[in-house]
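Sequence order for the protein chains is A and X.
Start counting the first sequence at 1; every next residue gets the next number (my numbering).
Start counting the second sequence at 206; every next residue gets the next number (my numbering).
What the hints contain is simulated information worked out from the structure, not anything from laboratory work.
Any given hint might turn out to be false.
As the list claims (entries may be wrong) - Between beta-carbon pairs, the in silico distance windows are: (1) Ala228/X to Glu164/A: 32 to 42 Å; (2) Tyr267/X to Ala188/A: 38 to 48 Å; (3) Met120/A to Gly236/X: 26 to 36 Å; (4) Arg261/X to Gln161/A: 27 to 37 Å; (5) Glu238/X to Ile149/A: 23 to 33 Å.
Stated by the list, open to error - Distance condition first, Cα-Cα at most 27 Å in a straight line; then the derived DSSO-like pairs of lysine-lysine: (6) Lys272/X to Lys189/A; (7) Lys189/A to Lys266/X; (8) Lys116/A to Lys102/A; (9) Lys266/X to Lys102/A; (10) Lys189/A to Lys146/A; (11) Lys266/X to Lys251/X.
To be verified - Far from chain X, some chain A residues (derived; all Cβ distances over 12 Å): (12) Tyr91; (13) Asp154; (14) Arg159.
No residue lacks a Cβ here, since even glycine has one placed at the ideal position from N, Cα and C.
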Amino acid sequence: MGSLTATCFYASPSKERRRVLESATSRGTPRLECLKTGHHTRERATMAEVKGPEHDDEDILRAIATSGARVLLIGRRALILLGLPVQTNDYDLWIHIDDIDKLNAAFALLDQIPNKTPEMARQTGRYVLENGERIDVLVARSASTKDGIRLDFDSAWQRRQVVEAAGIAVALPSIADLITTKKWSARAKDIGDIQLLETLRRGVD
Amino acid sequence: MTTARVLLDYPEISREEFDRRLALALAELDGPEGQALRDHIRWFRKRYPTALDRLRYARRKYEQWSKTRGIVVDPR
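In isolation and in its complexed conformation, chain X is listed as follows (with noise of 0.2 Å):
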C-alpha cells in the first residue's frame, strides 16, 4: 500500500517531538503571536487580493531569494 511516507524529501523529526512542537504552535495561536499571524494575513490579503496575484507574489519573492542565496556579506 501506497502512503505519504513517499513524499518524505526531507529529514524528519520524531512524531514526539512533532507532536510537542505542534502543541506549542497551535497554543501561540490564543497570544500575541496568534495575532500577529492574523495580522499578516491580513496584509497579505490585502495586499494580494486575487489567487493570482499571491501565486505570483511568491513565484516572485522566490526567484528573488534564489538569486542571492548563497551571498555571504563579510562582517569585517
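So here's chain A without its partners, still in its complex pose (with noise of 0.2 Å):
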C-alpha cells in the first residue's frame, strides 16, 4: 500500500503516550488497546511499518473503500471530487453507526489513531482519526437543519452516487443531501459551497 518506514510507529516514545490503539486479533476482528499495557507484538510492527505519517489521497480513499464500512464522504473533499473549486484541510466522513471498528481497522493501517473508543464516539455522534492527515468522523444515525430538515445516513446512503478516483469507488451523498449537509451547521462559509453544488445540480455543460 506504501513505502516500508525504518522506524517502528509504535516504538515512538510520544506515540507511546497515545491512549487507544486499533491492532487485529488472530480473527482480524478490530479490538482497541491500551498502548501504556500493551506490548509491541509483531502484527503491530507489521501494521506500524507500511506507511509514515504522510498519505496521499489515494491511501486514504483505498482505506475508506476496503475497509467494509458504509461511508460517505462528505465536506469540501466531496465537493473537490465532483469537481468543484474550493479548499479544505481535513476529510469529513459519515459513517454507519455500526461500522466504527472496520474503518478504524482500515485506518490502522495508515497509523490513523481514533480519539474516542467506538463506544465515546458513539455517545457523542463523532470523533477524529488523527496522525498525519484529520479526518472527522460523523457516527450520527441521522441530524437536522436548524430548519428541520431531517436527514438519515440509511437514506443518504440508498441515494449514494459513486465517483470513482484511480480505480476506487468512493460513495457520496447525492448532490441534494449534500446541500442539505451544508446546511447542518449553517455556516457563511457554507452559502458558497451551497451556491457551487447548486450551480452543479443546475448543470454546468
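Build the complex: two chains, separate frames, hints provided.
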C-alpha cells in the first residue's frame, strides 16, 4: 500500500502515550488496546511499518473503500471530487454507526489513530482519526438542519452517488443531500459551497 | 439524539442571516455571477479531469497557502 519505513511507529515514546490503538486479533476482528499496558507485538510492528505519517489521497480513499464500512465522503473533499474548486485541509466522513470498528481497522494501516473509543464516539456522535491527516468522522444516525430538515444516514446511503478516483469507488451523498449537509451547521462559508453545488445541480455544460 | 450540531467547530450566523445570504447567493446564479461560476467549474474540471487530480491539486494548494499564511507585506 505504501513505502516501508525504517522506524517502527509503536517504538516512538511520543506515540506510546497515545491512549487508544487499534490492532487486529488472530480472527481479524479489531480491538482497542492501551499502549501503556500493551506489548510490542509482531502484528503491530507489521502494521506500523506499512506507511509513514504522510499519506496520498489515494491511500486514504483506498482505506475507506477496503474497510467494508458504509462510508459517505462529505464536506469539501466531496465537492472537490465532483469538480468544484474549493479548499480544505481535512476529510469529513459520515459512517454507519455500526461500522466504526471496520473503519478504524482500515485506517490503522495508515497509522491514523481514533481519538475516542467506538462507544464514546457513538455517544458523542463524532470522533477524529488523527495523525498525519485529520479525518473527522460523523457517526450520527441522522442530523437536522436548523429549520428542521432531517437527513438520516440510511436514506442518504440509499441515494448515494459513486465517483471513481484512481480505480477506487468513493461513495458520496447525492447533490441534494450534500446541500442538506451543508445546511447542518449553517456557517457563512457553507453558503458559497451550496451555491457551487446548486450550480452543479443545474448543470455546467 | 445526536444531531449535526456536533459538527460545529466554527462561529455560527443566525438562521435568518444564513437564509438571507443563501437566497442572495442562489439568486446570483441567474446572472453574470452564475455564468462566472459555471466557467470556473468548467475550467477546474477540464484542467483536472480526474477526481484524484483534483484532490492532489487541492492538497498542493493548501500546502502552499499554509506555508505563506501569516506573511504580511509591509506597504511602506
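We went through each hint and held it up to the structure:
1. Ala228/X to Glu164/A: 32 to 42 Å: The hinted range 32 to 42 Å holds for Ala228/X and Glu164/A, with Cβ atoms some 35 Å apart.
2. Tyr267/X to Ala188/A: 38 to 48 Å: 20 Å Cβ-Cβ, so the 38 to 48 Å window is violated.
3. Met120/A to Gly236/X: 26 to 36 Å: Since the Cβ atoms of Met120/A and Gly236/X sit about 48 Å apart, the hinted range of 26 to 36 Å is violated.
4. Arg261/X to Gln161/A: 27 to 37 Å: With Cβ atoms ~21 Å apart, the hint is violated.
5. Glu238/X to Ile149/A: 23 to 33 Å: holds, 26 Å
6. Lys272/X to Lys189/A: holds, 22 Å
7. Lys189/A to Lys266/X: holds, 18 Å
8. Lys116/A to Lys102/A: holds, 15 Å
9. Lys266/X to Lys102/A: violated, 31 Å
10. Lys189/A to Lys146/A: holds, 16 Å
11. Lys266/X to Lys251/X: This hinted pair holds, its Cα atoms lying about 17 Å apart.
12. Tyr91: violated, 10 Å
13. Asp154: holds, 15 Å
14. Arg159: holds, 17 Å
Checked against the numbered hints above, the structure violates hints 2, 3, 4, 9, 12; every other hint is satisfied.
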